[in-house]
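Residue-level listing of the chains:
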Amino acid sequence: MSLPQKRFFRQRAHSNPLADHSLEFPSCPSKMDWSEHFPLFFTKLGERFNDEENSMKTKKKVEFADVGCGYGGLLGSFCEVQVTVPRADINFKVGLADTFPEVLSLGLELRAKVADYAHKKILALREQNKSTGKYQNISIVRANAMKYLPYFFEKGQLKKIFFLFPDPHFKKSKHKWRIISPHLLSDYAYFLAVGGLLYTVTDVAELYEWEIKHLSEHPLFMRISNESLKGDATVDLILNSSEESKKVTRQGGDNKMGEIYYVSLFLFALVVF
Amino acid sequence: MLVAELNSALILTSGDTLLLPASNQLIKIPPPDVPPNLTKGQLQVLNKQDRTITSVTTSRDGKHIAVSTENKQIVVFDAAFRIVSNFIVNRAPSKILFTKSGDMLVADRTGDVYLYKREKTEPVLLLGHLSMILDMALSECEKYIITCDRDEKIRVSRFPNTYNIASFCLGHDEFVIRVVVIKGVLVSASGDGTVRVWDYVKGAQLCSIDTNLCVKDEKLLEEFSGVMDREKVDVTALPITDMQVVCDGDCLVVAVSLYSCRDVQLYRVELEGYNWTVLNSVEPVDALHKFYLSKNLYIFDSFKVSVYNLSNSALINSDKQMDEFYEKHKNVLKISENEITVLYKRKFDNVQEYLERKKLRLESGK
Ligand SMILES: C[S@@+](CC[C@H](N)C(=O)[O-])C[C@H]1O[C@@H](n2cnc3c(N)ncnc32)[C@H](O)[C@@H]1O
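Here the protein sequences line up with chains A and B, keeping their order. Every number in the numbering used here is 32 more than the matching position in the first sequence, counting from 1. Every number in the numbering used here is 131 more than the matching position in the second sequence, counting from 1.
Since the hints were derived computationally from the structure, they do not count as laboratory data. Mixed in with the good hints, there may be bad ones.
Simulated pairs of lysine-lysine, DSS-like, Cα-Cα distance not exceeding 27 Å [as the list claims (entries may be wrong)]:
1. B/Lys203 - A/Lys206
2. B/Lys451 - B/Lys159
3. B/Lys171 - B/Lys203
4. B/Lys363 - A/Lys145
5. B/Lys333 - A/Lys93
6. B/Lys350 - B/Lys476
7. A/Lys208 - B/Lys248
Given only the sequences and the hints, what does the whole structure look like? Please build it.
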């Protein structure tokens, strides 16, 4: 299988997330046939693995979600990325697929062509790495994450949720299109396990202020210190692996580069009342 | 036309008017009390606007009744129908509810729910959906608020800490138009033609009733899907237009009306085991305007009000005062066109087209 070429998959930059798209989604999380996405880890819906080793696998769940994953760079890439912030303490790898081989990661992307490209890319990566079985732990769905996350994930299922370079939607009237908002944060809190992490990175100062404000004000999220980010392999990944992060880096990217300020990471803690 | 009940007396609404059969009274919704600093232009706009009643609700203690109107007005009356407050909210309300403590929950068409405290402070934004909220309910203990929307979703949030979502009740295939909490369970009705009963704290479905199974005339669905087809909407069931639920011993009695069906269907759901049975179907003499379910089933058609006994569906000799009142004011009681069709999603998708174009391009190798 040859690698898909991006030029066949270009699409308008923004799609209205509030519009009625005809997207396929299961009627509830238990009706989702994950075997289509992770054939190594799931049997077809309703079927069971009959040997013991495989029956363990069915207990797996998607634990990382990359919301608005674009072309899927965070999940996995074709080539080694240039490490822009070399750090001796981290053995840098190219995506969630490598860095967290035991974890199932799912990307969600609204734009059909982009999602299609990312899907083909993952299939090609799997094909190329057949001997090692790599890239079986990442997949992507075309979905409107603002409306349909509850159909894919159960309460407390996710350990990490990523929002890398979300669309800024500058106009005030379009603020309701922003993927991080007080209401949607309540949804994300619902899908995250207690202690789960929400990662977001942007090179747009205005959006950064917005996100900080709403995340800080939300009763269920707590900011974690930059100190405790040390040693978190995902920090390097979110700064370097996605397509958008590479573009920002190529274009000079002072905003993003080196400034942990633009990487806001939040620890989720359940408020008891 | 809407129906509510205050201290066992029925209250009907039509357009901008409350109709009170018990006291033989009509009350028109007055213009709102406006803040003093409005410009002439703003005032004009306010007064010109349509005061059609969009939602009516009564307090549990029977002391208050409130209505919301098309022009964003909320009017609260006491039991003697004296105005207690009359104010304007920011966006057109689709549903209002009293809490036990007399505060008011207001859901609006943009998908937000606000809490208006009795002490007139700024309203508190409680939660938001990304599409129109069609109905809202509070659990009996008031620890949960349940909202349903034009998508297929029912959201169960803690109350008043609504940032903490307890569950989503998922399974409906179309917009959800009614949610009712009764006897510790949630009952919902949808455009997919089903009524579902839920353990709402867990988000688990307990039973599902396909009301279309009781529709004898297949042509009704054919006709409706023909109409919707022209609008590029696929429908596979006649949508439920209204649902009401009461408790009868250890059972629930659920009444539903379906789009273009003349009758009101009655179901019984056992609270233990959640088995359900068809109780009956009651057909009005003339086109169904509205039904109201409480101790009895009231059916309002274009001629009269008929009252049926719930357990045996027998026609009860209806009360004379109501009959005369209805006869006299029938012309006021226009049916509001039930625009259920706008709730369906016009699906636009260019994916198919895109895939075909891509295939061509790949083949031509450009
Ligand atoms: C600027 S791109 C960033 C892509 C990727 N995260 C990266 O860093 O390269 C934002 C992406 O989010 C997607 N998106 C926007 N709203 C979305 C939604 N509601 N659900 C899923 N994806 C969405 C857009 O289609 C776009 O591909």
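Need the list of violated hint numbers for this structure, in ascending order.
Every hint satisfied by this model.
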